[in-house]
Amino acid sequence: MKLRIIAGKHRGRVLKEFKGREIRPTADRAKEAIFNILQTEIYGSTFLDVYCGTGNMGIEAISRGAEKVVFVDSSKESVQIAKFNLEMIKENAEIVCQDALTYAGTTREKFDVIFLDPPYGIDATPVLETLAKNGVLNDGGVIIYEHSEDFQVGEIEGLEHKNTRKYGIAHFEFYGVKQ
Numbered sequence: 001m002k003l004r005i006i007a008g009k010h011r012g013r014v015l016k017e018f019k020g021r022e023i024r025p026t027a028d029r030a031k032e033a034i035f036n037i038l039q040t041e042i043y044g045s046t047f048l049d050v051y052c053g054t055g056n057m058g059i060e061a062i063s064r065g066a067e068k069v070v071f072v073d074s075s076k077e078s079v080q081i082a083k084f085n086l087e088m089i090k091e092n093a094e095i096v097c098q099d100a101l102t103y104a105g106t107t108r109e110k111f112d113v114i115f116l117d118p119p120y121g122i123d124a125t126p127v128l129e130t131l132a133k134n135g136v137l138n139d140g141g142v143i144i145y146e147h148s149e150d151f152q153v154g155e156i157e158g159l160e161h162k163n164t165r166k167y168g169i170a171h172f173e174f175y176g177v178k179q
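Numbering (this note's numbering), first residue to last: 1 to 179.
A hint or two may mislead.
[Claimed, not checked] In silico lysine-lysine, DSSO-like type, Cα no more than 27 Å apart, as pairs:
id, residue 1, residue 2
1, Lys90, Lys76
2, Lys83, Lys2
3, Lys83, Lys110
4, Lys162, Lys83
5, Lys68, Lys90
[What the hints assert, rightly or not] Distance windows between CB atoms, simulated:
id, residue 1, residue 2, range
6, Tyr120, Gln179, 12 to 20 Å
7, Phe18, Glu160, 17 to 25 Å
8, Val14, Gly154, 21 to 29 Å
9, Glu157, Lys9, 32 to 40 Å
These are calculated hints, taken from the structure and not from any lab test.
Just so you know, even glycine gets a beta-carbon here, dropped at the ideal spot from N, CA and C.
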């Protein structure tokens, strides 16, 4: 199955994927459902793609009109593939090769939409907690955390759990800033 851009100005473009690795980009069906939920929040937004891998989600946000997208991944290979995919669609964005927790604790930027898709088996709860503590999510913004069905996410201080969606084996937790 090809990794493709679903909607927007780059609709139908095929993205480069990892070869021979057990990397699991967000499936098209799940990606389309997530962006349908977020459709009114993407255009003109600031979007943070944490554990970006190929850049699949952030590039979809660019295609749908996000004003600024930042990609974060600790893997040099992931950063290279995300950069290649951005160049292929002739778009520019900030790409940071850094551990997610370090980025969450040191960034001074704020975002409207934050998407976290850690490798299955990796607990990104400390990253969520640090994003909340550091005030990285704008008021009215949303964090989407993708995880496997066998992983339980507890309460996150400073964030309000809004929704859970399931697509195949992937679960998506939606959070907003606790008021």
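Numbers of unmet hints, in rising order: 4, 6, 7 and 8
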